[in-house]
Amino acid sequence: MALSPLAGQVRQHLLDVAEDPSKALDEKLLDTFNAQVTVSDSLEQGDRDSIINTLSQLLPTLQQDPSPATTLIGNLIRSPSYSFSSVLAINPPVDFVAGLRAPSPPINSAAILLLSKAAKEPSDAALVAGKPEQAANVLKGLLEVDYAPHILGEAHDVEAITDKPTNEPPGQGLMWRRVFDDRDIYASVFAICSLSTVGHAGQPNKREKTIAQARLLEFLLALRPRVADTWSSSHFPEVEAAYGVRDGGLLHFAAEHMVDYKDDVLMHMTLIDFFAGLLQTGNAGFLSYTTNSISMTRDSTSSPTLDFLISRGLHSRSMSFYLEPSKHDSLDLTYLYSRSANYISVYATNYATHLLNASSSVADAILARLSSVLNGVSSGHWAHGNAPKHDLHVVASLPRVCLVPQTRESTPLFLIPAKPANADALHTLAAVFRGPLVASAISKTSSNRPVFETSTNDPEAARTLYFLYLRQHPAFWTHVVNAAEAVALKDNALAAVELMSAVIGANWHPLPHVSEESSSQSPYLLPTESELADMCGSPNQQLPPSGVLAILASPALEVVLPYLLRPAQTFSNLVGGRGDTESAAYRVAVAKHDALILLHQKLKDVAQETTGLEEIVTAVGRRVTQGPMGGSSDVGGRIGTLEW
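For the sequence shown, the residue numbers in our numbering are 614 to 1257.
A few of these clues could be false.
With a straight-line cut-off of 30 angstroms between C-alpha atoms, the simulated DSSO-like cross-links for lysine-lysine are [claimed, not checked]:
no., residue 1, residue 2
1, Lys641, Lys730
2, Lys730, Lys753
3, Lys1002, Lys1103
4, Lys1103, Lys1215
Label pairs and their computed distance ranges (CB to CB) [unchecked claim]:
no., residue 1, residue 2, range
5, Ala739, Pro634, 34 to 42 angstroms
6, Pro1018, Pro735, 51 to 59 angstroms
7, Asn999, Pro735, 48 to 56 angstroms
8, Ala1232, Val1203, 19 to 27 angstroms
9, Met1148, Gly989, 21 to 29 angstroms
10, Thr645, Asn818, 39 to 47 angstroms
11, Glu1227, Ser692, 52 to 60 angstroms
12, Asn818, Pro735, 35 to 43 angstroms
13, Glu1222, Thr914, 34 to 42 angstroms
14, Glu746, Arg691, 24 to 32 angstroms
Everything labelled a hint here was simulated from the structure, so no lab data went into it.
Since we're looking at a predicted model, the values are computed, not measured.
We put the beta carbon where it would ideally sit given N, CA and C, even for glycine.
Work out the full structure, taking the sequences as your base and the hints as a guide.
Okay, structure coming up:
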């Protein structure tokens, strides 16, 4: 079958370059063909095979940047119909090992993409894993290949070679069966990744070994859900003992003995990220779908993964760079402080009950650290966008009941300002006040006083924190609306509107109206409804039970509702036309309209049980129908200023 005109032109050009290596690749021609292949998958199989065969002939002799050619390979083979059998039929045959070992990241990328096709079918994976020498060479190549993540079109391309990506049904893990069942291959993994073999014959140098170490950690995380029991068990004790592992398997080697974390701060960063990944995959939970909702079941008490990290001292070591910075070298902190903060965030998110009940000293240390950091942030830093992002991430990750003041006069949350406006600060407040994304049953003691036994008290805690914060910052909503109106500072404005939406759609539960003291020894108790009212300076008054009703109560009512009902601002009358500022104004207008839609929906829900809301529902509904810009006849609109 004759090639299509453009495909024929591309193939002839590639043949010309193969015959004359000094001839440059026509990137414009290849880009045009790439665009055609990407937009439409209608390329005839014969055309596809012919061009791929030509590329296979060209690449080994190419004397220029192969990126245009390897990009074309990637686009040609991404079609689901292109199987590993098609890869094996390429003529001349693909040398996978040579491709993985080539000193060219684009070539490495192409080899990985071609190999990843073997993950689609068990029979194809068996072709790679079936021959010990071939499997060993492929695995060695995958461990040693150095590539930039952006070179690979898919994040899972490397991991897919050893099994299917984690968001697909698990495969048979044939490559990893080969690793764990074949002594020589198993030993080669240890040898390639261990620094103790640097300088030995046939071994990579130290830099190459650190690449292999990072790659192994990536593989283990990708495979964690299906090889957890296998990688933590001993398979060949004499091999493991030779590399310092006395009781355990590949996991123990990778986590404790492989990385020189004291002298290699970059690999220490990677190792802490690995531990955080272990916590996430070790307690991933599972989704339960019902007719009207989606819920997630998660054991927040502990897991074998967390127990392992704690028992080996890796848990406390990973947290110490955040909790005890004075004990570490300043250079190490430059790289590890953020990693340590992220580890704590993952721990707090996935093991909330463990954090609060296993040892309150850890939670107290986190709160003390947060208070120390946030106390030291000046107004100027907040105003200029220099927020402590990693610390704010920790705040947003903590179980909300942990942030409720107990015997303390304050909480780190109160130190996060709404003025001066800062997008990261507003995002954090939104995350806390929104409440949990999924509702679950309430856990209570025998006295009906809520105690944090699982993360199920978050709806009550979110509502409690909102009203306590409002008590500390009475001008809160005025500052938020001012930030939303200053659309020239787009990030702040969008964050302010998000904060409004977070409260409008908040997942809140009211507190019980009881005053009995709990017999629980937990220091993390929520107040009762009457106690909360007293703390807010509103004794004998009922606080709004939901976020939407809180928006209809003072002080939000006087500023938030008028802001949402006003037509959107526009800058179209400014000299210079509709530029970036106009684009920012439109984005804020769309976000504001989304908040209005949510408000209208929530108002209709509560109006069925609350009287006197009919006029507000009608007014909001009318504004919703006008669209994001509101149909205002005021061409210029009003420009938000920074006088606040």
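For each hint, the structure was consulted:
A distance of roughly 28 angstroms separates the Cα atoms of Lys641 and Lys730; the hinted pair therefore holds under the 30 angstroms criterion. In summary, the hint linking Lys730 to Lys753 is supported, as the alpha carbons are separated by about 18 angstroms, within the 30 angstroms threshold. This hinted pair checks out: Lys1002 and Lys1103 have alpha carbons roughly 18 angstroms apart, not beyond 30 angstroms. The straight-line distance between the Cα atoms of Lys1103 and Lys1215 is roughly 27 angstroms, inside the 30 angstroms bound, and the hint therefore holds.
Range check, Ala739 to Pro634: Cβ separation about 38 angstroms, and the 34 to 42 angstroms hint holds. For the pair Pro1018 and Pro735, the supplied restraint of 51 to 59 angstroms holds, since their beta-carbon distance comes to about 57 angstroms. For the pair Asn999 and Pro735, the supplied restraint of 48 to 56 angstroms holds, since their beta-carbon distance comes to about 53 angstroms. About 20 angstroms separates the C-beta atoms of Ala1232 and Val1203, a value consistent with the hinted range of 19 to 27 angstroms.
For Met1148 and Gly989, the Cβ-Cβ distance of about 27 angstroms falls inside the hinted range of 21 to 29 angstroms, so the restraint holds. Taking 39 to 47 angstroms as the suggested C-beta distance range, the pair Thr645 and Asn818 conforms, at roughly 42 angstroms. The supplied range of 52 to 60 angstroms is met by Glu1227 and Ser692, whose beta-carbon atoms lie about 57 angstroms from each other. For Asn818 paired with Pro735, a C-beta distance near 36 angstroms keeps the hint of 35 to 43 angstroms intact.
For the pair Glu1222 and Thr914, the beta carbons lie near 36 angstroms from each other, so the given range of 34 to 42 angstroms is met. As the Cβ distance of Glu746 to Arg691 is approximately 30 angstroms, the hint placing it in 24 to 32 angstroms holds.
Violation of the numbered hints given earlier is absent; every hint is satisfied by the structure.
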